[in-house]
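**Student:** Take a look at the letters that make up each chain.
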Amino acid sequence: MNAITLSAVSKSYGEVLAVDGLSLTMERGRTVALLGPNGAGKSTTINMLLGLVRPTAGDIRVLGHTPDEAVRRGEIGAMLQEGTLIPEMTVRELVDFIRRLYPEPLPLDEVLQMADLTALAGRRAGKLSGGQAQRVRFALAIAGAPALLVLDEPTAAMDVESRRAFWANMRNYSAQGRTVLFATHYLEEADENSDRVIVVARGKVVADGTAAEIKAGVGGSVVGFSLGEQSSAGLDALPGVTAVEILAGSVTLRTADPDATVAALYRGTSLEVRDLQINGADLEDAFLALTQPAEA
Amino acid sequence: MLNYITFEAKRMLRNKRYIIFVVAFPVAFYLLYSNLWGDQVDDGTGVKATVILMVSMAAYGALAASLMSTSVPWSQERQTGWLRQLQITPLPSWMIILTKLIASLLLVLPSLLLVVLAAVVTQHVSLGAGQWATLIPIMWIGTIPFAALGLMIGSLVPPDTAQPLAMISMFGLALLGGLWFPVSMLPQTMQTIAHALPSYDYADIGWEIVAGHTPPASAVAGLLAWAVALGALALFAYRRATVRA
Chain R
1 MNAITLSAVS KSYGEVLAVD GLSLTMERGR TVALLGPNGA GKSTTINMLL GLVRPTAGDI
61 RVLGHTPDEA VRRGEIGAML QEGTLIPEMT VRELVDFIRR LYPEPLPLDE VLQMADLTAL
121 AGRRAGKLSG GQAQRVRFAL AIAGAPALLV LDEPTAAMDV ESRRAFWANM RNYSAQGRTV
181 LFATHYLEEA DENSDRVIVV ARGKVVADGT AAEIKAGVGG SVVGFSLGEQ SSAGLDALPG
241 VTAVEILAGS VTLRTADPDA TVAALYRGTS LEVRDLQING ADLEDAFLAL TQPAEA
Chain G
1 MLNYITFEAK RMLRNKRYII FVVAFPVAFY LLYSNLWGDQ VDDGTGVKAT VILMVSMAAY
61 GALAASLMST SVPWSQERQT GWLRQLQITP LPSWMIILTK LIASLLLVLP SLLLVVLAAV
121 VTQHVSLGAG QWATLIPIMW IGTIPFAALG LMIGSLVPPD TAQPLAMISM FGLALLGGLW
181 FPVSMLPQTM QTIAHALPSY DYADIGWEIV AGHTPPASAV AGLLAWAVAL GALALFAYRR
241 ATVRA
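Read top to bottom, the protein sequences are chains R and G.
Numbered by UniProt numbering, the letters in the first sequence go through residues 1 to 296 in order.
Numbered by UniProt numbering, the letters in the second sequence go through residues 1 to 245 in order.
Derived by calculation from the structure, the hints in this document are not laboratory data.
Cβ atoms here follow ideal geometry from the backbone N, Cα and C, with glycine treated the same way.
Hints are not guaranteed to be accurate.
Covered stretches of chain R (in silico footprint by chain G; criterion: 3 or more residues with CB under 8 Å from a CB of chain G, positions within the stretch not fixed) [unchecked claim]:
1) 46-55
2) 66-80
3) 94-106
Output of the computed footprint for chain R on chain G, the stretches with three or more beta carbons under 8 Å from beta carbons of chain R [unchecked claim]:
4) 8-18
5) 87-98
One chain only, chain R, in its complex shape:
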């Protein structure tokens, strides 16, 4: 059984089509990033998975159930983009309250520990910093030991240090065989913290795979060298090469397979190659290429 199955799901708000016939499946036990620019339909998709928003068309299954059923059975925990805590309550009281709403929650101390909140347990929510409040919201999301953890841009308000700690906590939770789906518009976050990246733009899936596959899919790597006066004939036929640019004696090869390209460059040609440079795939370029509207 899949953790999530979306079949031709659409959601429109009046004239605006936020999600456009989205179909995808997510296996259990994986950590998947939903990557896309603002307005791509990530939050709408997540809110539909949680039963907070009804799709205009299509069918959604979460662990074999409708979203409402899955929520009622306590199988989903989520950190939404917005969410203020009750200021009068302490961290421990908030976490324990949410925990007890679930049928088989994690032990309180374990939740606090997994969210780095043990030292803050007695503090009132109204006296927490932004980053600390985010940790509490993470704790609320995992407190019920949900099989599916959904995080909608969880690090949006965090500094670099908190971000690193946050992802470590997330991996710690997902390592226990649970499924995690997180939305982000940060490329590195998707790259570093997921084993599958689903790129969405304008309400549709535009790429789906590991971060490496996505980079390769748009011919991400660049091999450059100095050619001088030598002939450029045959460079476009080297393995993996998708584009050749020559400017003032310098060659730039775009390639899907830099290793094969370089090997063939040395063994298969008689060129004297100088100043060789291989630049790793630029995910930023890949991302932009995928999510920009096609030019008419």
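Position chain G against the provided structure of chain R, taking the given hints into account.
**Tutor:** This is chain G only, laid out in the frame that chain R set:
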């Protein structure tokens, strides 16, 4: 459910505004008024003002407690995303409003009982056991229409509107309902309006009980009608506020 009720009650008891307006005010005003006019005796019934004021201030405290513990907190929860946080847990939606109602009833008790306690201890008010046994439960359960009004306000408007609206409702109902001064002091038209309000019916039941009368059927029917009407409106507003788009 119990988990949620204690959570809600604890949270309000830590709220300074709630404690000042709802718990401290009625007691303080009771003590002040009793010292000013406590010796007066109602010509019609022969009941001392200390007793009538006990009912009035307890009614005011209870009314304030139900409105304050429902309207603004509930509106804030909707706007700040706490409601969404609850909606993605296994907690059923109907349990949220039921808990709010029960918690508001619990939160009425401190105001109600403290005014009564102040009356008994400082003014030596004494009633028959039967009078106490009817007065307190009726004044307690009688706050349901006000809790419904508060939940309705909280469901319909954002917090910055809910705040003044709750305040206006609270003082309007208290003043016109005769909790601060007798309705008979108002001009005739205002009296007609006052008599139609749930706060008047509510306090009137209390005044009649302490005067040794059976509560008038009209007041009981009036309060019940308000409870049903405001309850239905609150449910409707609640459903509208929690509907999934």
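**Student:** Each hint needs a verdict: does it hold in this structure or not?
**Tutor:** Against the structure, the hints:
no.	hint	verdict
1	46-55	holds (count 5)
2	66-80	holds (count 8)
3	94-106	holds (count 6)
4	8-18	holds (count 5)
5	87-98	holds (count 6)
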